[in-house]
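So the protein sequences, as listed, match chains A and B.
Everything in the first sequence is counted per the working numbering, starting at 1 for the first residue and increasing by one.
Everything in the second sequence is counted per the working numbering, starting at 388 for the first residue and increasing by one.
Everything labelled a hint here was simulated from the structure, so no lab data went into it.
Treat the hints loosely; a few may be bogus.
One side of the interface only, derived from the structure: several residues of chain A facing chain B at Cβ under 8 Å [said to hold, decoys possible]:
(1) L37
(2) W165
(3) L177
Mimicking DMTMM-like on lysine to aspartate or glutamate, the simulated pairs with C-alpha atoms at most 25 Å apart in a straight line are [to be verified]:
(4) K29/A to E715/B
(5) K496/B to E530/B
(6) K499/B to E575/B
(7) K711/B to D254/A
(8) K832/B to E133/A
(9) K220/A to E549/B
(10) K29/A to E637/B
(11) K394/B to D339/A
(12) K394/B to E265/A
(13) K129/A to E704/B
(14) K676/B to E133/A
(15) K831/B to E133/A
(16) K394/B to E133/A
(17) K382/A to E704/B
(18) K831/B to D254/A
(19) K382/A to D641/B
(20) K711/B to E33/A
(21) K724/B to E20/A
(22) K724/B to E33/A
Beta carbons: idealized from backbone N, C-alpha and C, even for Gly.
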Amino acid sequence: MAETTLVGGKKSEAFVLSPEKLRRQRIAKFIGEGFLLTVASFVAIVVLFIFYFVAVDAIPFFQQRGFEEFFTSTGWYPADDPGEFGALAIIYGSGMVTIGSALIAVPLGISAAICLSDVLPFSIRQYAKPVIEMLAAIPSVAYGFFALVIFAPLLQNHGGPILMWAWWLIAGPFVLLAVVVAGDLLTSRQTDESRRKTMRTMLTGVLGVIAVVFLYWVGKTLNAIQILSGTNALNVSLILSFMALPTIVSVSEDSLQAVGRELREGSYALGATRAETLVRTVLPAASSGILAAVILGIMRAIGETMVVWMASGNSSHIPDPWYNYLDSIRTLTATIAGDMGEADQVTGSARYHVLFAMGLLLLVFSFISNLVSERIVIRQRKILSGE
Amino acid sequence: MNLGTRKILDRSFTVVGITSIMLMATALLVVVVPIFTGGIGAIYFEGTIEHRKLQYNEFGKGDRGAIERQIAETEPYRNEVFRILDAFGDEMETMEPGEKRNYLSKYKKVRKMLSRLLGPLPGDQKPILLRYQYGSTRWEKAEELLHDLMFVTKWDYSNPDEMAKRYFVPRADEFAGTALASLFLYLENNLEKMLLPERTFYWGFLTDRSLDAHIFGGIWAEIQGTFFLAVGAMLFAFPLGVIAAIYFTEYARDNFFTSILRSANSTLAGVPSIVFGLFGLAFFINTIKVSDSKSVLAGSLTLAIMILPTIIRAAEEAILAVPKTYKEASLALGSTKWRTIVTVILPAALPGIITGGIISLGRAAGETAPIIFTAAVSVGATIGLADVFTMPTPALSWNIYNLASEHEAANEIRHVQYGMVLALISIVLLLNLSAILLRARISKKLKG
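Given only the sequences and the hints, what does the whole structure look like? Please build it.
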């Protein structure tokens with residue numbers, strides 16, 4: 001390489017690289033990249049370590065007690081001697097609040113995501129997003145405190161009326177809408193326009209009366225319910241659903257955005273309304289991404305500790321009847337958090353290791369659902385990009 | 388389908404979407420507003436003379452002369468109460484043994500409640516626990532206590548189909564015809580003069596240590612503990628996260644190994660927080676023994692690995708958002724790749740990276756499950772900076788749980804719990820708000 005001569009006869013070495021220097025630079029680059037790679041692999045190492053160390057403490061439990069009791073018995077008396085370690089009721093409790101929160105969060109989250117991506121104008125969207133972020137930012141213990149101190153007494157003292165109002169407000173509009181649609185669909189065979197109109201009015205009227213009676217009857221039944229304890233599966237499901245919502249909304253919104261304009265415009269051009277476009281065209285195209293969102297949201301609900309620990313009642317039994325959401329339950333996460341304090345002093349006992357077995361169960365579940373959702377997202381991206 | 392029906396369906400679809408957004412905003416309000424109003428009550432309330440006495444004796448705050456003057460003001464009214472008690476005590480001495488026994492337990496109950504209201508009564512032993520050395524420090528608590536003192540709560544079980552109904556019987560009826568009967572009316576009329584409630588701003592709630600397990604005093608130990616844990620976690624996670632993000636965006640080739648690293652990242656992001664707690668216990672404390680038992684260090688490390696994926700993702704996004712032209716211009720000027728990253732890309736991406744950092748800081752501050760087994764204690768004093776390697780600390784998140792669910796007097800210190808939740812939420816939301824504002828500024832700047 002040529003040397004440059006500067007003013008005053010000085011020679012600059014700026015662009016000159018002697019073989020020595022070149023070699024040094026290459027070594028530095030090698031070391032530097034190696035360092036970066038090491039740090040980047042740190043995450044993978046941590047994941048391996050988490051699996052290893054949780055498993056190492058979980059395996060002694062299965063060696064001591066086997067698998068059968070843990071997965072099939074509902075007797076949970078870890079403090080007795082000899083203890084009983086049947087986690088079926090606890091696993092069931094975890095599943096119950098997860099399904100409960102999914103039932104609330106999934107429809108709500110998907111419709112909110114649709115609204116954010118397709119319905120609201122950009123100016124309003126800007127204000128809606130921070131609301132969702134705030135909802136995600138509130139610490140779980142604050143939600144737990146709300147559930148325990150504010151919501152549980154409310155549910156216990158005014159449970160019936162609350163359920164009734166929720167039923168009227170949520171089911172009311174949908175049932176009436178269903179009446180209108182049903183009236184329309186049932187008379188669509190009739191070709192004579194004026195007769196069809198009268199038939200439709202009559203049919204809608206009759207169905208409407210039936211629907212109102214139905215709504216009233218269910219509302220009255222709900223109003224009569226007395227909730228014995230406010231710390232129950234319903235309380236927890238509701239709070240958990242609001243914690244899972246931000247994840248569901250933001251991931252499904254991304255997925256809806258990924259469906260391009262062309263599909264939407266094609267559908268509009270064929271004369272579809274916005275609702276029809278979204279339901280028939282956009283949602284099917286985005287369905288896998290939405291599925292991934294639902295999986296991620298469910299994971300958030302199943303792994304949540306503080307809310308269920310504080311507000312689920314922590315009683316280890318399968319509710320009677322099995323779908324009774326007004327009963328207290330106990331979940332895996334709450335059991336780990338609650339029992340470790342006492343089990344910690346007896347490190348090495350089955351009582352200590354069983355908690356790690358539960359942790360391993362949670363870990364495996366979250367790992368599998370994460371993997372599945374990741375595959376789904378990648379596949380969707382490939383399909384949409386036309387590969 | 389009829390066109391009209393289709394239109395109705397379309398409209399209702401829009402309505403459903405907007406309703407769900409409104410529902411989320413309402414949920415946010417429903418959670419935040421009661422916590423906010425309740426939390427304010429921990430700082431701004433009607434404090435009684437007992438509150439001012441406590442503040443002066445325990446923290447040396449307040450004007451001694453004014454407090455003594457006020458105490459002197461309350462003396463005559465309090466002395467009248469003590470006189471009635473003495474009179475009843477004398478009267479009991481003259482009673483039949485059976486009658487006396489009948490009154491004694493009820494009388495003891497009255498004395499106990501009175502001492503909760505006014506502080507130790509003359510003739511009582513000096514209590515050991517601080518909570519019994521002072522009367523009611525908050526006026527609204529005093530009013531509740533007064534109600535309990537005036538009325539006996541009874542439950543009506545007459546209808547077996549319904550839950551028992553509550554009703555109240557005046558306590559004066561129990562003592563009808565004795566000297567004590569006049570006490571209740573006197574208390575009701577003169578309690579204010581005995582306690583002298585004043586509207587008080589108690590900023591010390593945020594900066595005082597707690598007294599007698601949070602019955603009195605403030606929450607400084609918890610705030611400091613939260614600060615140590617969150618900042619400690621950031622110290623580990625932030626540099627690691629940014630370096631990993633640089634690798635992923637600038638150096639990683641699109642191969643199997645990289646995809647495994649990325650999978651590991653999202654797996655780590657999905658691990659339930661309680662499992663981090665288990666891992667922290669099994670690895671940091673039981674295996675490599677960073678400390679003998681729980682410590683701030685172990686907690687910070689556990690929190691650090693929890694927030695690492697978030698930081699990596701945010702930093703990656705920030706780096707990718709830097710326009711390609713910046714990088715190309717720098718490379719064209721002859722600088723090396725590393726130099727380009729350090730002097731051009733990182734400064735441009737810094738606000739975005741910091742935004743991610745702030746959000747992660749908030750998450751580390753609010754998280755409870757990972758620190759239960761690794762760092763948090765229920766009762767503890769503030770710790771010095773040098774103790775972080777060996778000592779556990781109280782922290783807002785853990786103590787909210789502990790005070791709300793496990794404290795022996797959870798119902799009586801609701802205001803402290805609300806205050807703590809408000810403090811925690813304020814910290815987290817302020818951090819998030821600043822992140823949102825910062826991001827808005829960046830996007831404005833990038834638009835030009």
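Each hint tested on the structure:
Interface restraint check for L37/A: the shortest CB-CB distance to chain B comes to about 6 Å, inside 8 Å, so the restraint holds. With a cut of 8 Å, the hint placing W165/A at the interface with chain B is violated, because the nearest CB-to-CB distance is about 14 Å. Hint status for L177/A: holds, given a least beta-carbon distance of 5 Å to chain B, under 8 Å. A C-alpha spacing of about 20 Å is found between K29/A and E715/B, which places the hinted pair at or below 25 Å, so the restraint holds.
Restraint check: the Cα-Cα separation between K496/B and E530/B comes to about 17 Å, which is no more than 25 Å; the hinted pair holds. For the proposed pair K499/B and E575/B, the alpha carbon gap of about 17 Å is at most 25 Å, so the pair holds. Between K711/B and D254/A the CA atoms are separated by roughly 23 Å; this keeps the pair inside 25 Å, and the hint holds. Distance hint between K832/B and E133/A is fulfilled; the C-alpha atoms sit about 22 Å from each other, no more than 25 Å.
Pair hint K220/A plus E549/B holds up; C-alpha atoms about 17 Å apart against a cutoff of 25 Å. At roughly 13 Å between alpha-carbon atoms, K29/A and E637/B fall within 25 Å of each other, so this suggested pair holds. At roughly 56 Å between alpha-carbon atoms, K394/B and D339/A are farther apart than 25 Å, so this suggested pair is violated. For the proposed pair K394/B and E265/A, the alpha carbon gap of about 18 Å is at most 25 Å, so the pair holds.
For the suggested pair K129/A and E704/B, the alpha carbons sit about 18 Å apart, so the restraint of at most 25 Å is met. For the hint linking K676/B to E133/A, the alpha-carbon distance of about 37 Å lies beyond 25 Å, and the restraint is violated. A C-alpha spacing of about 20 Å is found between K831/B and E133/A, which places the hinted pair at or below 25 Å, so the restraint holds. Taking the CA atoms of K394/B and E133/A, the gap is near 33 Å; set against the 25 Å cutoff, the hint is violated.
Restraint check for K382/A and E704/B: satisfied, since their Cα atoms lie roughly 21 Å apart, inside the 25 Å limit. A distance of roughly 22 Å separates the Cα atoms of K831/B and D254/A; the hinted pair therefore holds under the 25 Å criterion. Annotation: proposed proximity of K382/A to D641/B holds, straight-line Cα distance about 16 Å (limit 25 Å). Proximity of K711/B to E33/A is assessed by CA-CA distance (about 21 Å); at most 25 Å being required, the pair is judged to hold.
Pair hint K724/B plus E20/A holds up; C-alpha atoms about 20 Å apart against a cutoff of 25 Å. Our distance criterion of 25 Å between C-alpha atoms is met by K724/B and E33/A, whose separation comes to about 11 Å.
Hint compliance for this structure: hints 2, 11, 14 and 16 are not met, and every other hint is.
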